[in-house]
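All chains, please: the whole structure from these sequences, using the hints.
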Amino acid sequence: MQAFHLSQPNSLDAALAAARSHGAKFIAGGTDLMQLLKDNIEVPTELVDLERVGLSSIQADASELRLGAMARMSDAAVHPDVRAGWPAIVQALEASASPQVRNMGTIGGNLLQRTRCGYFRDTGFACNKREPGSGCPAIAGENRLMAILGGSDHCIATHPSDLAVALTALDAMVTLHGINGERRVPIADFYRLPADTPHIETILQPGEMITAVTVRASGAARNSHYLKLRDRASFEFALVSVAVGLDQRDGVIEHALLAAGGVGTRPWRLPQVEAALRGKALEDAVFGDASSIAAGGASPAQQNGFKRILLQRAVFRALQMASA
Amino acid sequence: MAFIGQGLDRVDGRLKVTGGAQYAAEFRVPDLVHAVLVQSTIGAGAITGFSLAAAQSMPGVLTIITPENALKLHAESNLPQAIRAPLLQDMDVHYNGQHVAVVVAEALEQADAAAARVRVQYRRDEPITSMDAVLDQAYLPKSFRNGERPADSRRGDPDGAFTAAQVKLDAVYVTPIEHHNPMEPHATIARWDGNQLTVWTATQGISGTQQSLAALFGIDPKDVRVICPYVGGGFGCKGNTWPPATLAAMAAKLVGRPVKLAVTRAQMFTSNGYRPRTVQSLRFAADQQGHLVSMRHDGISQMSQPVLGEFAEPVGLATEMLYACPNVAVTHRLVATNAPLPTYMRAPGEASGNFALESAIDELAVALKQNPLDFRMRNYAEQDPHENKPFASKALRECYRQGAEAFGWSRRPSEPRAMRDGNVLIGWGMATSTYPTHRMAANAYVRVNADGTALVQVGTQDLGTGTYTVMSQIAADELGLPVQRIHLELGDSRFPHAPVSGGSMTVASVGPAIKTACQAVRAKLSNDGDTNVALPELLARRNMPSVEASSEAKSGEEQKRYSMHAFGAQFAEVRVDADLGEIRVSRYVGAFDGGRIINTKTARSQLIGGIVFGIGMALLEETHVDGETGRVVNANVSEYLMPVNADIPDIQAILVPNDELVSNSLGAKGIGELPMVGVAAAVANAVYHATGVRVRKLPIRIEDLLV
Ligand SMILES: Cc1cc2nc3c(=O)[nH]c(=O)nc-3n(C[C@H](O)[C@H](O)[C@H](O)COP(=O)(O)OP(=O)(O)OC[C@H]3O[C@@H](n4cnc5c(N)ncnc54)[C@H](O)[C@@H]3O)c2cc1C
Ligand code: SF4
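The listed protein sequences correspond, in order, to chains A and B. Taken in order, the first sequence gives residues 1 to 324; the numbers are from the numbering used here. Taken in order, the second sequence gives residues 1001 to 1707; the numbers are from the numbering used here.
To be clear, the hints were calculated from the coordinates, so they are not data collected in a lab. Fair warning: there could be bad hints in the mix.
As the list claims (entries may be wrong) - The list that follows gives simulated cross-link-like pairs (lysine to aspartate or glutamate, DMTMM-like), each with its CA atoms no further than 25 Å apart:
hint: 1; chain 1: B; residue 1: 1016; chain 2: B; residue 2: 1026
hint: 2; chain 1: A; residue 1: 38; chain 2: B; residue 2: 1579
hint: 3; chain 1: A; residue 1: 25; chain 2: B; residue 2: 1579
hint: 4; chain 1: A; residue 1: 280; chain 2: B; residue 2: 1579
hint: 5; chain 1: A; residue 1: 38; chain 2: B; residue 2: 1639
hint: 6; chain 1: A; residue 1: 38; chain 2: B; residue 2: 1109
hint: 7; chain 1: A; residue 1: 38; chain 2: B; residue 2: 1106
hint: 8; chain 1: A; residue 1: 38; chain 2: B; residue 2: 1026
hint: 9; chain 1: A; residue 1: 25; chain 2: B; residue 2: 1109
hint: 10; chain 1: A; residue 1: 38; chain 2: B; residue 2: 1112
As the list claims (entries may be wrong) - Covered stretches of chain A (in silico footprint by chain B; criterion: 3 or more residues with CB under 8 Å from a CB of chain B, positions within the stretch not fixed):
hint: 11; region: 159-170
hint: 12; region: 183-197
hint: 13; region: 201-215
To be verified - Covered stretches of chain B (in silico footprint by chain A; criterion: 3 or more residues with CB under 8 Å from a CB of chain A, positions within the stretch not fixed):
hint: 14; region: 1107-1114
hint: 15; region: 1430-1444
hint: 16; region: 1660-1667
Beta carbons: idealized from backbone N, C-alpha and C, even for Gly.
Next comes the structure, spelled out in structure tokens:
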């Protein structure tokens, strides 16, 4: 770890001002950033602590859920309104990390955690995401955990967040604040594909921060689920995960919302599966047809071809769970 | 016998949970400075230069040690516990993550920040990163088991019997590189007072560390003091004197101040050995009735470059003695790669070898359409078929019986895929466990005071297994004093010499030494008539303040006459999602003959801990090495998976009584390694029973079952 200066502003404006200095970084719960600092993966000269800025409220009404960027993962997961209206979010959070990490980790920090790619997290390796132009050893290396969708010749790392997958399925909006004011973007537009700039992961501008995440209330959100598959029963990132929301009337699917984790270089929406479900009967044969196209466009590496099949089966199982 | 056999709480439990127990890195030594290791980022080649200016000019930096200014060590010493390379003695790089420099600074943070600024120039060679690519270059170990026995053995005509047999299995089993990952990383504080060296270090062998450091620095062992009152787990990776301890002492010498060097979690993956990858070819055959007629077990294990030392994973030893089979051949080979030196890891050889052996036995039972337990009973070895000697004792039949009964094995359907709960397939598997009863000479000092207290000192160490507690029980019984009045001191090389805590032999080695020292104390006081009089009373009668004795204990003739092993039976139930392949162990029973049990509570902790370790081996643990660079990709405990609570069902560990006193005067066979032997095979066999898929490599993964 290298030395840095820590500032602890107590207002949004002060935080934005502090973040203008070159080499500044926000720190929320610190559960990911501290590891990155210790391992010299990120070397900020200025840390702007968001603890005293507020932004930790969780509000829900009949039309919308609003999660402050500094709301703790654990607080969001136990909130009764969130549990009632957006169960996929709760399940995604509860399947994330450990209680200790969730007690510190925040909603904003979770969306901006960096990939778990082992090459990225060790400065002894080359990595285009960490050191643009140095190469991507994962493509020909240890790639069992890597993405099968959205990769490029420059990077095939997955986005690690479970929460982001649930939010992507549920069409969440991300509220950003910068020196030029506020903007709201759909989460689908918030994350970028790696292409030839894998080090640029989101549309955040320098000094800009997340202040909140909002999610509409809907029948599909109320009947939503998160299925996470992994080697270890707990405390592990997803090998494959699926968030699903189903809105049905009289056994016919009106809306289906689906996104997958562990397979894409960003949280992966599955529009073709949604289209294949819309207006169809709520039955296994339909789920089978729809899930069979879930991995369309996948280009696995040597060790992760199984994720294609696992994704299809996970989509099928998640649909069964949501229709049960 | 009052205290032996009781499930007493740990005598050091309170100190541990309150933070009062001091581990190596926690000692406060005045004037202490900090060292951080810098490791290579290439897999093979040589260092051609260092750029140190940036690091050297950082605040607090005292020195940067590289091969160019390192102390020359007496590296020719031949002590088995000493690791002689890499100790900055030359510019060669033999593996990725090799220590190439040590940064010493006033504060840990300063040393760490400067270490990141050290730049190294290399000449790069092509590293051999995978043993699988060079299996055809396998070679015979130079000194298998430190030269105690040949690497190969054969009885009868295994190849002829195999050719002639009707039911055969010819299969290859693979186990991965695993790292010990004890909770406490390696840490050493080293201080020189003139020519005398004191080290506080996390070690499984203070005596070996004392010898090794003395040899490497060319000083008298009496001038080296090793202090290690507590160890936060070792599992084999603290059995040798690995380079970080030696480099701490070197740094302390060079800066003239006490130095602390604590290895980071990532550095633990290249600093202190690992369980090597093995490729094992098994050719087993049976007759139609189910008698084993041929067993051939050819094991190859991964090695470093030979200049770093030698370690051969002894995978075939249990195959020689576990079943009554007339024709058996076992071979052990090595392949050199650009990896660090491997080492012992909990049940070295037995754990990896047993996965192959007991999977193969299961496969033969399936081929014979016999219940796997009946098949094992049919081939039960009444005496050691390899050494042709009786067992000192063997309660394996009783382990099978009690384990099977507790598990409900008799209700097992014989066909795979026969038990289902919704989407989940359920399977039951079993395996046999065995581990040799080792023992080495040990010494102890005992003093009984007139006030009824006693002091016991031994140069052994407590890895966290309960050594303080069981040794106190042994002394208490022998002295006829309450266990609370025994003050036990260990973990200091000034105490009487005891062996390394490895091979599950501490109780069997050190226990008898304490016992004999206690007897010697009593002999000094007792006349014929007063054997029943309490020792404090005898002291009072003689008006003596205390009485003391030292004693050595070692094995005798019994070693030649008997074969000594502990045994066990492992039973696992797994649940496998039929479509998604997720595997979870849902029920577990292990029944063990570990000889006499000194403390049922600490014993049970060892047994369930070993089973958890085995479940990790079966389903989770694997070190991933990058094929291009030979660098570990998951050098952390987030991506190097070990079981968490959610992975572990309620484990039933049964202690099968055995009162034999032939093996040693305590009848202790050792239970540290035994419980993890066989777990991986039991789980793999259960996975087969659940799914019909036979997986011959570890760990078993989701993708292996996506059929
Ligand atoms: C062992 C372990 C296991 C884990 N397992 C999982 C898992 O299974 N699933 C999962 O989803 N996650 C998992 N995580 C990740 C964990 O959820 C994240 O570390 C946590 O959510 C990050 O939140 P934080 O508040 O601590 O972020 P920090 O570490 O403080 O920050 C993370 C990043 O976000 C930036 N940042 C934080 N807040 C803002 C903001 N408001 N605006 C702009 N930038 C901001 C920081 O600058 C930094 O770059 C795991 C973490 C650990 C350590
Ligand atoms: S996959 Fe991406 S993060 Fe991983 S090594 Fe390649 S470039 Fe780096």
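Going through the hints against the structure:
1. 1016(B) with 1026(B): 13 Å, holds
2. 38(A) with 1579(B): Not satisfied, since the Cα-Cα distance of roughly 40 Å exceeds 25 Å.
3. 25(A) with 1579(B): Given that 25 Å is the threshold and the Cα spacing comes to 44 Å, the pair is violated.
4. 280(A) with 1579(B): It holds: about 24 Å lies between the C-alpha atoms, which stays within 25 Å.
5. 38(A) with 1639(B): Between residue 38(A) and residue 1639(B) the Cα gap is close to 17 Å, so the pair holds against 25 Å.
6. 38(A) with 1109(B): 10 Å, holds
7. 38(A) with 1106(B): Within the cut-off at roughly 18 Å; holds.
8. 38(A) with 1026(B): Since the Cα atoms of residue 38(A) and residue 1026(B) sit roughly 21 Å apart, the hinted pair holds (cutoff 25 Å).
9. 25(A) with 1109(B): The given pair, whose Cα atoms are some 20 Å apart, holds under the 25 Å limit.
10. 38(A) with 1112(B): 9 Å, holds
11. 159-170: violated (count 0)
12. 183-197: Since three or more residues must qualify, the claim that chain B covers the region 183-197 of chain A is violated, with 0 doing so at under 8 Å.
13. 201-215: violated (count 0)
14. 1107-1114: Coverage by chain A holds here, the residue count being 3 at a Cβ distance below 8 Å.
15. 1430-1444: It is violated, with 0 qualifying residues against the three required.
16. 1660-1667: violated (count 0)
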